[in-house]
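Asks: For this one, chain A is given, so just place chain B on it according to the hints.
Okay, here's what each chain looks like letter by letter:
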Amino acid sequence: MITTTKPAPGLRAKARSAPRSRRPLRTWVIAIAAYVIAVIFLVPYLEMIVMAMRPNNELGLATILPEHWTFSNFTTLWSTGLGGSIGTSLEIAAGATVIVLLVSLPAAYCTARRRFRGRAAFLLLVLATQMFQPAAMLVGIQREFTDFGLPPTLSLIIVNAGFNLAFSVWILNAFFSSIPAELEEAAMVDGLGRVGALTRITLPLAAPGIVTALIFTFIAAWNEFLVALTLSLGQSPSQQPLTVAINNYIGEYSVDWGHLFAAGLVATVPVIILFAFIERRVVSGLTAGAVK
Amino acid sequence: MLALRRLTPLLWLGPAIALIGVVVLWPVVVMVQSSFQQIGGEGFVAGYNGTTNYDNLFHEPDFVSVLLRTVIWVVAIVGVTMLISLGLAQLFHQRFPGRQVTRWALIIPWAASVMMTALIFKWALDPNVGVINVILHHIGVVKQLGSNQADWLGNPTSALIWMMAVAVFVSLPFTTYALLSGLQGIPGDVYEAASIDGATSWRSYLGVTLPLLRPAILVATLINVINVFNSFPIIWEMTRGGPGYETSTSTIYMIDLKQGDVGQAAAMSVFNFLLVIVIVLVYLSTTRWKEQVGR
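Those sequence lines, one after another, are chains A and B. One point on numbering: in our numbering, the residue at position 216 of the first sequence is 216, and numbering is uninterrupted. For our numbering, count along the second sequence from 1 and bump the result up by 1000.
With the rest of the complex left out, here is chain A (with noise of 0.2 Å):
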């Protein structure tokens, strides 16, 4: 399954070098093509900082741009109890991405280097679990967290880090399983032991998979909308995770646009860095179990 996402050097330079006579325009045409889509990828996110540099007088002027620009949305938005969403959001999204990774390393290190019976049958619950959301069992999840009484943080927690955990095994499987066990082996004839041969060794080179599981856990438990909102109704604005409190900027008769979308940047723009580092390798997480 790596081979799929990185592809032989070799080959891709053979498949290119034969039209290299007619290729300075077609390249151009397409690098243009390319150039357009981009900006329309862009375009509505780029918007955000219009709109949150947009003063508020101007809110309701129908023009593109502002006349003058602000960053008043951005230095007043502290006031609005933004800091204490921001750490509610970074609590859940760390607490989950370590539950993930202490939970999903030992079953899918078991799941690559040893058959067992059971094995197959775990594998196929985990694959089935990714296809599961919490849209579809949303009444249970709610009827269930609510029942136990944990704090609204602590249940989105445990409840990210469910949801979150298929792509994680999925990813680390893959890994695992591509360093030969030999490598263990010789290190422990070597003296590393177990665990030097574990530490020294294996997690080293897993190492890009582990910061895939880690960074896309974080990502998907810090943009969580659906649950968030459902577990943590009642909540003061500030103990509220970040999605759910950039709808109090909604009001039932106007919408205080400026510092939503200055929260909505202050939310957006880290998680698309972090996730530009994982950009390649997050499709075979996603879709692992079925494309070879």
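Worth flagging that the hints you see were computed from the coordinates, not collected in a lab. In this text, all values refer to a predicted model and were calculated from it rather than measured experimentally. Any given hint could turn out to be false.
Said to hold, decoys possible - FRET-style restraints, in silico, Cβ to Cβ:
hint: 1; chain 1: A; residue 1: Glu91; chain 2: B; residue 2: Gln1094; range: 41 to 47 Å
hint: 2; chain 1: A; residue 1: Phe148; chain 2: B; residue 2: Val1190; range: 41 to 47 Å
hint: 3; chain 1: B; residue 1: Thr1008; chain 2: A; residue 2: Glu185; range: 14 to 20 Å
hint: 4; chain 1: A; residue 1: Glu252; chain 2: B; residue 2: Val1064; range: 51 to 57 Å
hint: 5; chain 1: B; residue 1: Glu1192; chain 2: A; residue 2: Gly191; range: 48 to 54 Å
hint: 6; chain 1: B; residue 1: Leu1010; chain 2: A; residue 2: Pro208; range: 25 to 31 Å
hint: 7; chain 1: A; residue 1: Ser79; chain 2: B; residue 2: Ser1158; range: 46 to 52 Å
hint: 8; chain 1: B; residue 1: Ala1165; chain 2: A; residue 2: Glu185; range: 41 to 47 Å
hint: 9; chain 1: A; residue 1: Arg194; chain 2: B; residue 2: Leu1010; range: 40 to 46 Å
By construction, the Cβ of each residue, glycine as well, lies at the ideal position given by its N, Cα and C atoms.
Replies: For chain B alone, kept in the frame of chain A given last:
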């Protein structure tokens, strides 16, 4: 001793199984149980009431139209997404200067919260000052700002079309990437063989690329179907499923029912859940997860 050894995998897998049990499996049990109970909006359980929730649900005047709309919602969004993504994947598979930068732009709607994207479009479609309306007014499509024509989200049909467009927009990055990874798995010499046989680029796309992309297309389609079926933030932020239930899908309908009648919402959830199971079964039977597992 041997029996003990056989149990060691359980030590490694136990935490994962426990987590899945608590977060994914037990809620299903609670949900099914709730669907046979009378529960008020506050969550107070008044006792079992047999199949009353299901009877009520199936006799809701909006039930059939919501289901039909859900089918249209899923089929249209996934279909359009797949078609556009096939083109995008082909384009971004080429080598050109600045490709990495354009691919970063492509992932933004994937990385950003769908809720935020929905809010951007909700604002951009504001009848008076939304930037889409302002631009459409400039080029003469919208005759007057603030008119009924500019109130795209107030009319169920145009609201649905705009929301489907947003759903396609946020589904494109994953789908394109899934197809790109499929394209990268096709060895170059397959194309060389095709071109030696005299196949034109369009013929070799239909005859070589598409069949070899089949697994990637299949997986991307099914993952999209699940995502779009369960999609919540777009409709919730842009129309709340209204006016009435005229822009509700079954997921939104269930969440709205939950405000007043948890038992009936549970019945709707069970119904949705069975649909998801059918989709998952189709998924498992058409894909090669067994090969992957047995590797």
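Asks: Sort out which numbered hints this structure fails and list those numbers smallest first.
Replies: Numbers 2, 4, 7, 8 and 9, in rising order.
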